[in-house]
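Novice: Sequence:
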Amino acid sequence: MILVDNPNAISVRETSPLVSKNNRKLQIPQATGEALDLFYRYGFFSLSVRVVPRDDPGGWLVREPTNSVFTPESLITTQDPGSGNFEPFYQVYLCDDTNELMEAYFRDFKADGVAQPYKLYTGSWRKQSSFILVKLTKLNRIVKTAGDPHLKGAALNSISNIVPGKKDSVLSFINDFGSHYIKEILIGDVIYQVFALSKDQFANAKTSLKPYQRIKSGEFNALYENILAPWNIRETGTIQAASGDFSLTNIFEFKNDPTLMRELEDISTKESEAVIGLHFASLRSAIPSTSTQDYFDEVVDTQMALWEINIS
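With full-length UniProt numbering, you'll find the sequence shown wraps up at 312, consecutive numbering, no jumps.
Honestly, the hints are just simulated from the structure, not real lab data. Misleading hints may appear alongside valid ones.
With a cut-off of at most 25 Å between alpha-carbon atoms, the simulated SDA-like pairs for lysine to any residue come out as follows [unchecked claim]: (1) Lys166 with Trp307; (2) Lys152 with Gly218; (3) Lys206 with Gly218; (4) Lys166 with Ala305.
The whole structure should be built from the sequences, with the hints applied where relevant.
Specialist: As structure tokens, this is what we get:
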């Protein structure tokens, strides 16, 4: 993810047409309900889960090893349609440092037992500054599991080998079958831009903005002129999209120009959609024994806490 790489950006539309450089339909195989080990590449999931703009071809979602651990009749996959259009407001996040910026970007990504889910993805992302993240979001559909999941076959047999008090028995199960499963996937698109500010500039922004708020179309001109214009900040990042990127220098141009907004809707179609939210649910609920559930939680929570500290 490119956070800031265009310090000379100005609020002028380029003469070339609005074009997405990454029009590829996201193929969601039967990913929901699949189990995976969150500790396998904790901190580096942005390399193997398609959650940021990518230049590589293909529509894969997860490159980590996954396992089908539930009986087919216990869990089904459903789809709920979204609006299919970009929301009529901007989401604006004040980010005191890089960690808050990453937390804001991954706001809709969740994992049971993980206090700071963004750390699953961002172990290699570090930069010193203060930031404002501005997003336009479009939800096309929600793919999720429903039902009461039951383990099957080898996974069910392996659960009987978990002995409360013996951590290795839990870690062995996780290594073989996973710690979580993919419960819900939000699919659509997100257009976003990051603005880097000095500490003084950021302190000034905090006097008029909340840490997170939604800005309607009648308010973003004042926000830009008073806070986010190039002469008010340190650097302006390039516009990015979860599904690709675009040839404009300022995200606010979309709402200022109805023609641009129509062009954006035209090119941000199901042929160029992306994962904009993800929920990893714990396998705990599929474990038959309450005492085994509790000990499974204890081990997983401890491992999560250790990994979060290591990624800090």
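Novice: A separate judgement is required for each hint: does it hold in the structure or not?
Specialist: So, going through the hints one by one against the coordinates:
1. Lys166 with Trp307: 20 Å, holds
2. Lys152 with Gly218: It is violated: about 55 Å lies between the C-alpha atoms, which goes past 25 Å.
3. Lys206 with Gly218: 20 Å, holds
4. Lys166 with Ala305: 18 Å, holds
Consistency note: the structure conflicts with earlier hint 2 alone.
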